[in-house]
Structure formats: structure tokens, C-alpha cells
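Chains A and B, in that order, are what the protein sequence lines are.
Okay, so the first sequence: first residue is 1 according to full-length UniProt numbering, each after it adds one.
Okay, so the second sequence: first residue is 1 according to full-length UniProt numbering, each after it adds one.
The set of hints was computed from the structure by calculation and includes no laboratory data.
Accuracy of the hints is not assured; some may be wrong.
[As the list claims (entries may be wrong)] Okay, the calculated bits of chain B under chain A, using three or more residues with CB under 8 angstroms as the criterion:
hint, stretch
1, 5–19
2, 67–77
3, 85–96
4, 222–235
5, 268–274
[To be verified] Covered, in the sense of this in silico footprint (three residues per stretch, anywhere, with C-beta under 8 angstroms from a C-beta of chain B), are these stretches of chain A:
hint, stretch
6, 54–60
7, 88–100
8, 103–116
9, 212–222
10, 286–293
The beta carbon of each residue, even a glycine, is placed where N, CA and C say it ideally should be.
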Amino acid sequence: MATEADSTDEIDWRSEASSVEMSRRERLREFGRRWIYEPAVIAWADMRTRIGLLILSVYGLMAMVEVFGLWRNPSTNQADPLLKPFETMQFPLGTTQSGVDLLALIIDSTPFILLMVLAGGVWATGIAVLVGTVSGYKGGTVDNIITSISDFFMAIPGLPLVIVLAITFKPENPIFLGVILTINYWAGLGRSIRSQVLSIRESSYIEAARTMGTSTPRILLKDVLPNLMPYVMVNFVLAARYTIFASVGLYFLGVLPYTGQNWGVTLNYAYERGGLLTMEAFHWLLVPIVAIVGLTFGLILVSQGLDRVFNPQVRTRLTGESESIEEESDTTTSGLM
Amino acid sequence: MNYYLRRTLRIPLTVFAVATLSFGLIRLLPGGPFTQLRVQLLRQGVPAEQVDARIQALQNIRPEAPLWQQYLDYLVGVVQLDLGESISYGAPVLEIIARALPWTVLLVVVSTVLMFVIGVLIGAVQAYWEGSIFDTVFSGSSIFLMAVPYYIFAVIFLFFLGYQFQLFPTGNAVARTVEAGFTLEYFTSVLHHAALPIIAFTIGGIGSTALNMRSNSIQVLGKEYVEVARLRGLSDGRIATRYVAQNAILPMYTGLLLLIGFRLGGTVVLEEIFSYPGLGYYLIEAVNANDYPLMMGCFLVITVTLVVAVCVADLTYGLIDPRISAGDTDGY
Numbered sequence: 001m002a003t004e005a006d007s008t009d010e011i012d013w014r015s016e017a018s019s020v021e022m023s024r025r026e027r028l029r030e031f032g033r034r035w036i037y038e039p040a041v042i043a044w045a046d047m048r049t050r051i052g053l054l055i056l057s058v059y060g061l062m063a064m065v066e067v068f069g070l071w072r073n074p075s076t077n078q079a080d081p082l083l084k085p086f087e088t089m090q091f092p093l094g095t096t097q098s099g100v101d102l103l104a105l106i107i108d109s110t111p112f113i114l115l116m117v118l119a120g121g122v123w124a125t126g127i128a129v130l131v132g133t134v135s136g137y138k139g140g141t142v143d144n145i146i147t148s149i150s151d152f153f154m155a156i157p158g159l160p161l162v163i164v165l166a167i168t169f170k171p172e173n174p175i176f177l178g179v180i181l182t183i184n185y186w187a188g189l190g191r192s193i194r195s196q197v198l199s200i201r202e203s204s205y206i207e208a209a210r211t212m213g214t215s216t217p218r219i220l221l222k223d224v225l226p227n228l229m230p231y232v233m234v235n236f237v238l239a240a241r242y243t244i245f246a247s248v249g250l251y252f253l254g255v256l257p258y259t260g261q262n263w264g265v266t267l268n269y270a271y272e273r274g275g276l277l278t279m280e281a282f283h284w285l286l287v288p289i290v291a292i293v294g295l296t297f298g299l300i301l302v303s304q305g306l307d308r309v310f311n312p313q314v315r316t317r318l319t320g321e322s323e324s325i326e327e328e329s330d331t332t333t334s335g336l337m
Numbered sequence: 001m002n003y004y005l006r007r008t009l010r011i012p013l014t015v016f017a018v019a020t021l022s023f024g025l026i027r028l029l030p031g032g033p034f035t036q037l038r039v040q041l042l043r044q045g046v047p048a049e050q051v052d053a054r055i056q057a058l059q060n061i062r063p064e065a066p067l068w069q070q071y072l073d074y075l076v077g078v079v080q081l082d083l084g085e086s087i088s089y090g091a092p093v094l095e096i097i098a099r100a101l102p103w104t105v106l107l108v109v110v111s112t113v114l115m116f117v118i119g120v121l122i123g124a125v126q127a128y129w130e131g132s133i134f135d136t137v138f139s140g141s142s143i144f145l146m147a148v149p150y151y152i153f154a155v156i157f158l159f160f161l162g163y164q165f166q167l168f169p170t171g172n173a174v175a176r177t178v179e180a181g182f183t184l185e186y187f188t189s190v191l192h193h194a195a196l197p198i199i200a201f202t203i204g205g206i207g208s209t210a211l212n213m214r215s216n217s218i219q220v221l222g223k224e225y226v227e228v229a230r231l232r233g234l235s236d237g238r239i240a241t242r243y244v245a246q247n248a249i250l251p252m253y254t255g256l257l258l259l260i261g262f263r264l265g266g267t268v269v270l271e272e273i274f275s276y277p278g279l280g281y282y283l284i285e286a287v288n289a290n291d292y293p294l295m296m297g298c299f300l301v302i303t304v305t306l307v308v309a310v311c312v313a314d315l316t317y318g319l320i321d322p323r324i325s326a327g328d329t330d331g332y
């Protein structure tokens, strides 16, 4: 981040001889070029990112439609029961056994699902980064304590724990639900981040920063964390994926409290009321499945594409992008692998 | 030896901590610790004066005792392998679990091994022929596979192969007519019943394993020591196995530990869909029936299984990565 601190770093490094001091605006522009524009160009050049972003924007659009109430709300008997998809354009995805518009059902729960996924991803990766960097960098007693705690959480199987917690707390708020679902997901991730920090902290520039007496939080924030970003981004997506899978699975089992219909609940109804036995109702089962798979597919595509932005080794082997970009980001990620 | 000993000693410690957690959760359950149980027993027609005694028998906890006493009772019960009595099945929890555990282990072990082997092979071939049509097709399908939850495969398999074409059974672990024993008939029946759950559970994991293996191998292939090995004129087979495969699989093996955990939890959904009588199936049955002793028992046993599995994987890690077996535990 281009703050006052950046400039002092630069002056130290170039010593007083440098009269060319960058203005705030120049620094801002430089920051934008290096951290936003260039990655965006590389990411967009990748087919996967483009398709992924396209898919995700469809979900964003659906959430918007719901928030602004642009599509009818789902209710029973709003159409003939078990209409096939695309049979009438009025109900493009068909209807359920009780005549509920399936498209309305899917749109209706999109904001809920997106919030939950975001909460789960942020919670899991946030705690993992905090725990992993501190324990890996600090070492010693702090490390021992943190490692033992996360070992304990790793030893508890996720879904059964979530099931027990779900009946205890009956989470209905999407954000709370997201956190509950990934309640111990951070442990394993924190462990692997720790091992990466262990190797990063040995690198010479970290040592230099330490010798100069830079404070620990500053080193972690400015020197260690940027190196971890690619890994964190990818794992954010994996955590989000886990949140979707777990929530839908548990709604499907009927363990989580039903707060209206959502993709998992719809799947469950379709499954239990005949969707499994006849071809007639198969689309009822298929629509929520497509909604779920589409969202995770979009997320994974974006993360795969971003991998190229952050991981120059993969990038060059695959295509050989422009040299200048590659060299610049090389310095930031080489400590990783 | 020191490392192995210390690692093994951590098992009882973890189990103790999890037992404490599961006790805490029982106490946390809504409507006070035993209110629900009491209401349920009364509804079942148990005389009011016997209810406390029944609860004690069911749960191993004296409801009127102070908290620390209840906690001690519970721990002593766990140590004596007495997990109380199931309300809905009217049998000791441990008996039910002992019947269920092998099936869950069968599913998890077979599907995890299959997933790992198939994923590694596909990923390795992809990396070797990077950029080929094979690579592109499989990368695409791997990404897609990662996006599909395993229970979706389960539901779709069940729909087509189970109900529509009736090729596979839709419930139970063996046919009711078959006697248990070392007979061919019994084994085929077991395989026939386990096939769909295992396939569904395996397919879901292949994608990410292959992608992992692919990117690891590509990185290893670019390393100098592979180049040096080539220059030394070592055979392709030796380079592929000793140099590339070993170094590419290593980072994945650590991930396997975590994977076992997630997969063990994942059987809950899987077993419920296939009505496969493993631990996860009974956990859900217990949840639906408000059968707290059975629920907590399943939770505890799933956790212990996981702790042991992770420990085994941890200990065998030394066989794969010689750096660990030197006894230097923390690796830095």
C-alpha cells in the first residue's frame, strides 16, 4: 500500500542522493499500475478468468434482481405443477410439484447464499492467515501454543461438528451460518500457511528488515503477507467452495434450520418428493444442482486464472507473457515455492 | 523414536479434549441439558419417578449431580468404553457404533486411495504432455469435477443406476439374504452395495488431486536437478519415479491428512443418501430422533477415527520423506 511509509523505505534505500521524490499522485498511479492494472490485464488474458468472471456476474445479477425485487417471489400454485424447463417462457426453468416457479426460487436465495459464502471464505482465510503468519514468524512458545490449538481443531471432523453446532445454535443468519460451517476450516489452512511463512522468514530481505528494527506487525503486513497472497486467494476460493458444499449438503439432509427455500432446501424437497423416482420431476432436482455447480465452477475458474497472475512460474511455462511484468512480480513471489 | 512416541502420546490427549468438547455440547443443547430427554421419556410413558434413573442409564450422567461430578462420570464412562444407551434403538451406543464403523472405514479408505492413485496418475501424465489435447481436456474436466459436490454425483448415480436402471441396490451394506462370512457371495454383495457410494465419493476428489499433481510436477520438471539427472544419462523410468514423482507427491501427502478429515466428515451426507449403515448414517438418524447419546457417541467415534488416521499418516510420512525420519520434528 502506498502510504507515507513506502516513501521512507525508498529514501533509505537510495540514500539522500535521490532528489527525485515521487509525488503522492505518482505513487498512487504506480501502485495502481503495478497492483491493479497489470494483474487485471494478465488475468483477463486468461480464458478461464474471463469465463469465471462472466459466470460470477450472472450470480451478481441474480442477487441484484432479488434485492430490487425485479422477479416475482416464489409461492405455491403460481403456475401448473411440474412444468418442464422452457415449456412456457413465463416460467423459464419450469415449476415444482406444488407449482412454484423454480427460477424465482433460485433467484430468491441468491443473496443469502452469496453472503454465506463470503462470510465463510473471509472467516476461514482471515483466521488462518492471522494464525499462520504469527505462529510461523514468531516461533517459540507462541508457535507451540498456536500449533497445539490448531492441531486440536484439525482433529475434529468438520461436518459432524457443524451438525452438532447447527442443532445447538440453529443458525439462520447467513453470515453466522457461514462462520459456523467453516468453524474449524482455518486450522488446516493455518498450518500450511505457517509452513510457508517458515521458509519466507529465512529470506534475506526479511532478515534485513528485522535487523533494521522494523516492528513485527509491519514486517508481517508489508513483507510476509504479499508473498502469501496467491496462496491465500486460491484458498479463499477453496474455503468458499467448502462453504457451499457443506451448506447445501446439510440443508439437503435437513439438519440446518429452513429459513424459506434455498438451493439446498429445494434439492431436498425435489429429492424427497419424487424427483428421484420419475423422469417427470428430474428438472426439479437439476435446477438447484446447476445453480450450485455454476457458482463453484465460476469461483474455481477465477482462482485458476488468478493463479497465473500471482505465480509467474506457471505463467511462463504456459504462455510466456511479456518479460517486464514477469520480472517485476518474480521478486515478490519467488520465495513461495 | 522420540518423535513417534510423542506423536502417539498425543492421541489420548486429543481424545480427552474432544470428549470434553462433546460433554460441553451436550450441556449446551437447547432446552437445558436434559429437559428434552426428560420430556421425551415422559411422552414414551416412562413413570416420572423413574425418569432420572433412566437418564442416568442412557447418558451415563447423574442429572441431579453438580457439573464437575457429571463431567467426571462422563469421562469415566468414555474411558470404560461405555457411551450410554441409544434411545431410539434401545441398545448400547457402542454396540451400534461397532457395527457401523467398519462400513465407514471401508468407504473412506477405498475411495481415498482410489482417488489419490487415479488423480496422481492423471496429473503426472498431464504434466508430462503439458499443452497437449489430453492435458487441456483433463484440466478442463478436473476444474469442472472440483465444482461438483460429491453428493450430487451420489444423487445422480442413485437416480439413474439405482432407480431407473436398477443395476445397483439403493440401500444397506449387504443384501439381507446373504450370511456374513468369508464367502464369495458375501464379498460380492458387499462390493455391489459399496460400489456406488465409493465411485461417487472418488470421482469428486479426482479433479483437485490431478490438478495439484499436475502443477507440482510441472514445477519439479523445471528444476535443475531433473536436468542434471538427464545429463547424467539416468533412465527415464528412474527420473520419472525417483526424481519427479517423489518430489511432486510429497507436498500432496501432507494435504492428504486434511483430506482424510474432510472425507470422514463427508460420509455423513454420502451414507444418508445411499442409506448405507455407517457412522454418518447413524449420526443423522440420531439427530432426527433426538437421540443424544447415540449422536454424541457417533461424533466422538468419528473424531477418534480421524485422530488415529491422521496419526498413522503422520507417522508414515517419514517413510516417504527421509528428512522427517531423522528425528528432527519441526523441520526448521
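Each hint tested on the structure:
Interface restraint, the stretch 5–19 of chain B with chain A: holds (4 residues with C-beta to C-beta distance below 8 angstroms; minimum three). As drawn, the stretch 67–77 of chain B meets chain A at 0 residues by the rule of a beta-carbon pair under 8 angstroms; below three, the given contact is violated. Here the stretch 85–96 of chain B counts 0 residues with a CB under 8 angstroms from a CB of chain A, which misses the bar of 3, and the coverage is violated. Judged by the Cβ-Cβ criterion of 8 angstroms, the stretch 222–235 of chain B is not covered by chain A as claimed, because only 1 of its residues qualify and three are needed.
With a cut-off of 8 angstroms between beta carbons, the stretch 268–274 of chain B has 3 residues touching chain A; three or more are needed, and the interface restraint holds. Here's how the stretch 54–60 of chain A fares: 0 of its residues keep a CB closer than 8 angstroms to some CB of chain B, so the rule of at least three is not met and the hint is violated. Remark: the stretch 88–100 of chain A is not confirmed as covered by chain B, as 0 of its residues place a Cβ nearer than 8 angstroms to a Cβ of that chain, below the required three. With 0 residues having a Cβ less than 8 angstroms from any Cβ of chain B, the stretch 103–116 of chain A misses the three-residue criterion, and the hint is violated.
Counting residues of the stretch 212–222 of chain A whose CB lies closer than 8 angstroms to any CB of chain B gives 0, which falls below the minimum of 3, so the coverage claim is violated. For the stretch 286–293 of chain A, the stated coverage by chain B holds: 3 residues have a C-beta nearer than 8 angstroms to a C-beta of that chain, and at least 3 were required.
Checked against the numbered hints above, the structure violates hints 2, 3, 4, 6, 7, 8 and 9; every other hint is satisfied.
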